[in-house]
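J.: Residue numbers (the numbering used here), protein chains in the order written: chain A, 1 to 411; chain B, 1 to 411; chain C, 1 to 411; chain D, 1 to 411.
Rather than coming from a laboratory, the hints here were simulated on the basis of the structure.
There could be a bad hint or two in this list.
A pair holds if it fits inside one copy or across any two, identical chains being indistinguishable in the list.
[Stated by the list, open to error] Below, a list of computed lysine-lysine pairs in the DSS-like style, where the Cα atoms sit at most 27 Å apart:
1. Lys58 with Lys405
2. Lys58 with Lys124
3. Lys405 with Lys296
4. Lys198 with Lys405
5. Lys62 with Lys124
6. Lys62 with Lys405
7. Lys62 with Lys198
8. Lys297 with Lys405
9. Lys198 with Lys297
10. Lys296 with Lys198
11. Lys297 with Lys62
12. Lys296 with Lys124
There are 4 protein chains.
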Amino acid sequence: MDLGMTDRVRPLVEQVRRMVEDEIAPLDTEFQALVGTHPSGDRFQHVPRQLEILDGLKTLAKERGLWNFWLTDSDRGYGLSTVEYAYLAEEMGKVGIAAEVFNCNAPDTGNMEVLERYGEQWMKDRWLAPLLNGDIRSAYVMTEPGVASSDAAQLALDATRDGDDFILNGEKWWISGAGDPRCAVYIVMACTDADAPKHARHTMFVMDADTPGIEVLRPMQVFGHDDAPHGHMHMRFTNVRVPAANIFLGEGRGFEVAQGRLGPGRIHHCMRAIGQAEKALEMMCRRGLAREAFGKKIAELGANFDIIANARMDIEMARLLCLKAAWMMDTAGVRAAQPWISKIKVVAPLTAGRVIDEAMQLHGAAGISQDFDLAHMWTHVRTLRFADGPDAVHRRQVARAELRKYQNEKV
Amino acid sequence: MDLGMTDRVRPLVEQVRRMVEDEIAPLDTEFQALVGTHPSGDRFQHVPRQLEILDGLKTLAKERGLWNFWLTDSDRGYGLSTVEYAYLAEEMGKVGIAAEVFNCNAPDTGNMEVLERYGEQWMKDRWLAPLLNGDIRSAYVMTEPGVASSDAAQLALDATRDGDDFILNGEKWWISGAGDPRCAVYIVMACTDADAPKHARHTMFVMDADTPGIEVLRPMQVFGHDDAPHGHMHMRFTNVRVPAANIFLGEGRGFEVAQGRLGPGRIHHCMRAIGQAEKALEMMCRRGLAREAFGKKIAELGANFDIIANARMDIEMARLLCLKAAWMMDTAGVRAAQPWISKIKVVAPLTAGRVIDEAMQLHGAAGISQDFDLAHMWTHVRTLRFADGPDAVHRRQVARAELRKYQNEKV
Amino acid sequence: MDLGMTDRVRPLVEQVRRMVEDEIAPLDTEFQALVGTHPSGDRFQHVPRQLEILDGLKTLAKERGLWNFWLTDSDRGYGLSTVEYAYLAEEMGKVGIAAEVFNCNAPDTGNMEVLERYGEQWMKDRWLAPLLNGDIRSAYVMTEPGVASSDAAQLALDATRDGDDFILNGEKWWISGAGDPRCAVYIVMACTDADAPKHARHTMFVMDADTPGIEVLRPMQVFGHDDAPHGHMHMRFTNVRVPAANIFLGEGRGFEVAQGRLGPGRIHHCMRAIGQAEKALEMMCRRGLAREAFGKKIAELGANFDIIANARMDIEMARLLCLKAAWMMDTAGVRAAQPWISKIKVVAPLTAGRVIDEAMQLHGAAGISQDFDLAHMWTHVRTLRFADGPDAVHRRQVARAELRKYQNEKV
Amino acid sequence: MDLGMTDRVRPLVEQVRRMVEDEIAPLDTEFQALVGTHPSGDRFQHVPRQLEILDGLKTLAKERGLWNFWLTDSDRGYGLSTVEYAYLAEEMGKVGIAAEVFNCNAPDTGNMEVLERYGEQWMKDRWLAPLLNGDIRSAYVMTEPGVASSDAAQLALDATRDGDDFILNGEKWWISGAGDPRCAVYIVMACTDADAPKHARHTMFVMDADTPGIEVLRPMQVFGHDDAPHGHMHMRFTNVRVPAANIFLGEGRGFEVAQGRLGPGRIHHCMRAIGQAEKALEMMCRRGLAREAFGKKIAELGANFDIIANARMDIEMARLLCLKAAWMMDTAGVRAAQPWISKIKVVAPLTAGRVIDEAMQLHGAAGISQDFDLAHMWTHVRTLRFADGPDAVHRRQVARAELRKYQNEKV
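So here's chain A without its partners, still in its complex pose:
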């Protein structure tokens, strides 16, 4: 169980780290400052400089071969293992636009995974190729406003057969990335047979983002932020006609596709969250050494040694657990790795949230202000406690896996 950095990945990590720190971070600041400045007033339109920043960095990354690392265990790209990728993803997690610069950002990687794994050739030609090239972006359209999505069997967006097509009607929300004008393709989970057994009710469709009848109602806000131009959109489907050919695996197999997609996606989020925690701890230490109160460095006051130590211990443990989950994916496959993915899916956002919260507190009021990135990091990792399943659902999975060891029948 080698969880260390391999010789192969070490120089890549170093290159990525440097590029993130030296080249991406300053431009990220500029990029974020430009959000919402489009003359139209539309916060989801990029101004030219934003695209220039993104395209420039992406071109640079591609030229350097720092591209599509996430394509693990594949003969395309580096063929990195998930463990190796974890070290890269951690670095990318430290700056907002970094993951996209290396074409390793959510939700595109998950969607590419679906297209790669379950897509027919024509789908790959049409959508996977430009996604792999970073030319377009994508969205994964699953969550719905009307039901507790933790129980995915309740998802209700209706898809009714009509000749060679399906007609889709209903609402979806929290569709991340759908705000981006470059988002060109949707992968949509819809209910094709509400009376079927629980895990055969849904079907996974793929379609162009500009398919008629799909309407963005509003951006959902995360602690008041619309995360423009990426966005988490609330959408309505009204008589959206999609060819039956646009289905992954077959009617009623939506759950299977969803499960295959979510494993890697979940763990990538965790890797990046650990990067954020690491960054927060660094900020906490630097601030603790830089400021004084009552004649001492803040780091030396009160419980701050304990707080710093706890942060360090928690991060190390979360990272190791994440690496082990990655190693399970590499060696036993996504399915067998599920309880491990659930574990880190609970642990990483909680750990990162706690460390960032302590970092904010040690910074004083500055810590929650625009002068530091901590508040934004915190709200982001807070969303991860819902995204791809709330903590409670993952804890339930872990417990059931544990109890199954002692009992053959289902608990």
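With the hints as your guide, set chains B, C and D onto chain A.
T.: Below, chains B, C and D without anything else, positioned relative to chain A:
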């Protein structure tokens, strides 16, 4: 130690509760939706409808005699005790603009307290009267960007004597309420003798907000929000000339004034935070009963009974502690009540934050969105862990008070 | 809602505190040292000096009128309120044998309550009178080894009608106080109709401890301690014949009696646990000031200020919650106070356990040794998380009470 | 960074696991039941059957070559890495006498390490050889009653030069293993120059246990247990004469020896604690599936899924952190691994304590009784929060290591 609702305050609580729920809450929603819609693009300008809402409600409250409850232990207004006021403040905490409607909002109450207690008659005529009438608003100008404000002795905004005046130079930030165009008076803590003993260095000034040389640099953001039009402003003082007559108590007595001010202010924040926790628990229960997953009400799933029970227990304890601190203020005075105020100052924001966080989690992603008030409530109570002193400083006070019981010399 | 010490109870608290500290504590140490020294080797036999200590102190207490305080709201004794009693019980909690000295110890108070409230005159004459006088002791025989007692409907000790008698068969365990040779009466919950509705299956009997067929199998151990000579006994009933007249309230009404009994008993445990927490905090402070490391007092090192402050805040909140539960019992009755009793039943043992644990840690290894009372205090409060219902069951009660506010039907 | 079980160690782990479960566990029960049954009444004397059990099992283990695994990175024994040893130690942690059966028990391994690393040949012949063979046992004599041992520079047992000898005077306590009659050698830290710089004051001596002048005052108790016949003894040294030749490394180098000793010893404790946590989780699951309440398996009630999941996640993280610390020792040496050892030294006992506590709670009162091993496991891991340095000291080490990354000067 009667911590209950008295017969005198009970009908007032009922009236306030009804007015908050039935009349203020709907208009608060309208008010908040109008923030940032001023044609000038200046988010800190009210549009007429906003002022109409505020003035209308304030007039109504005044007509009903629901006004200036915070003036405890006084022959003006109701002469309520702090314990009695706590029950009212809790209700006001549940809706954004409610406290202002009853002229019980921060930072005005604290500033009125200073003017009432330490102000000369001309100060009262000029600033206290219109504040008590709700005609103007005020700001308390203490925190600085360059120093850890937890150690207030470090505050550095310079006030140098020049004839009958002082000349002020320096920066302040997180000046809450200074964004509001109606804010007409500042109470400013400045350093008049950096070489004096620690608690004799500072002096508390009062001045018109439009005194020349005071410049608002920018609004500070709280998790990305500017809280317009109230705001938490970053300000610069450049050769601001203030008459020496505008000093409370006398040169070098700024700490004394600050201490007198902060006690009640801190506890009012706590009371309102408990109101928010109570509201979050109600939302959690309602949502838990309204939604289903896996064939059960969400409230009945997993650890949710425990989460609800813990929230209820934590809120009850925080409320009782708050009431006891209030009772200490009423019976032993602000100074003797300090360790009690420190206790609740730590407990109430942490408790409210935890309950609101759980409520968000039970709501699923909706919980952090604009569809519910929870995210806004959370960011607000998170600021209370810094405002008026960070948790660590208050814990330190509590510990020192505890240890003093066993040792005469200072620890 | 007066939660303070009344003028009536204040001098009693002072008297009890002094007697506990000055007279009982030293003899308690002597008493405990004598445990297990009976020549017979039977750890549950007192040596004469132990009885001399107990009887001497009890006589003293009785002479001073410090006796049977727990008889609240009664024309016998003081007629104290439960709130008033709380302050006394807290003091008694600080030393092992103190509660018995004042005839206020578990399980006798609960059993006297049952006899007083539900007993017929002959029962009162036979068992209540000597109990009130401190001449005999009693046990409450409910918990069973074979079932999860948290669901009391499962209790299985069988009572079968045979003429004018019932014949009891089965096992009970954790029968506290049944080890004491002075224990003369048992109150026993038995199943008289396993097919009846859930809360009508059981009946509450009273019988002499020496009724033939009752056999003590062994003492149960608490973290390895048998708590001799009090003990928590594992017992077997073999064809134990009890007259049908020895039933409280009537056949099938055992639950009703149990509920009536458990309310006060639970809260008395909580009051004493708070006394223990208070004592642990005092020990923590004294030790923190007495010892040095790295050139500083231990109290000033690391997170110790925070630990002390948290302990103080937690204790205050637990005490206030306990007082409010007591006040609810006084003003609304035991039944209405149930959710409040559940709250403090969860909070007090957890709080006390946490404070004692921190006190142990601050003492270093000495803290868990025989040189300090902390380890014994910790194991005792740990038992309270099971006794009279585990935390989970009480949290469940609190949650259900909370949810009922929003829904008429049962959750 | 291979943290997995190697092919080399896997069959050993399997053999050890089986022997622990099938052969040692039943005899451990018998062994423990015999404690305190010696006719002399001396709890620290073995009865013959106890020695028969120990010797029989040790002979068996030796015959099977399951012996001295802890001798890592050595050409004697297996030459296992610390990572490999971790997997073995975890299994040994699950049953009381198991570690001794394989000659891998504390404090002997640490003491053998000292003799091996710092001992002269005659010391090895005299004490190391029989220790390696399991013929004698040893004690490490460091902690003192009069000072906070967390600051070891305060240790005061006096060693004064007298010709070719040193004369030792003073007290030590918590000397684990010194109760065992087979304990034949002491390694003793004494102060040879109280005026020297902090880390040059002490010297490490080795001596026969029966050196005149050493007196056992009493066994220290751990939550009331004397842990006989192993014991944690309180000892007095009165004019104990030890040759100057009996010093490790040289006068004033006691700290160096102590540091070299404590690294491995600390981590071995952690490995075994993780074994105990794993065992507790298994017990929790089995009990949760075996019992019912309210018509459901206990495992399915309330928050139990979450509790089980949290236990599983916490154990995995603690194990990974422990393995990483072991790997650091293997690859970077004990000194460089110090902050890692401190991390797991904090984490493992806390994690194990939490899991065992939850397991007790899920068992109901039975969980703290003699019917399950949980209470004993809990008190044992609780001692680990003091042994070899309290949590606070280790957190301090971790924080200082963290802060040093950002600052050259000492914090």
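J.: Now, for every hint given, state plainly whether the structure supports it.
T.: Hints and how they fare:
no. : hint               : result
1   : Lys58 with Lys405  : neither (47 Å within a copy, 32 Å between copies)
2   : Lys58 with Lys124  : within (21 Å within a copy, 63 Å between copies)
3   : Lys405 with Lys296 : between (53 Å within a copy, 19 Å between copies)
4   : Lys198 with Lys405 : within (25 Å within a copy, 34 Å between copies)
5   : Lys62 with Lys124  : within (20 Å within a copy, 63 Å between copies)
6   : Lys62 with Lys405  : neither (46 Å within a copy, 33 Å between copies)
7   : Lys62 with Lys198  : neither (43 Å within a copy, 57 Å between copies)
8   : Lys297 with Lys405 : between (51 Å within a copy, 16 Å between copies)
9   : Lys198 with Lys297 : between (59 Å within a copy, 18 Å between copies)
10  : Lys296 with Lys198 : between (61 Å within a copy, 15 Å between copies)
11  : Lys297 with Lys62  : neither (44 Å within a copy, 50 Å between copies)
12  : Lys296 with Lys124 : neither (61 Å within a copy, 41 Å between copies)
In this structure, the earlier hints numbered 1, 6, 7, 11 and 12 are contradicted, and the remaining ones agree with it.
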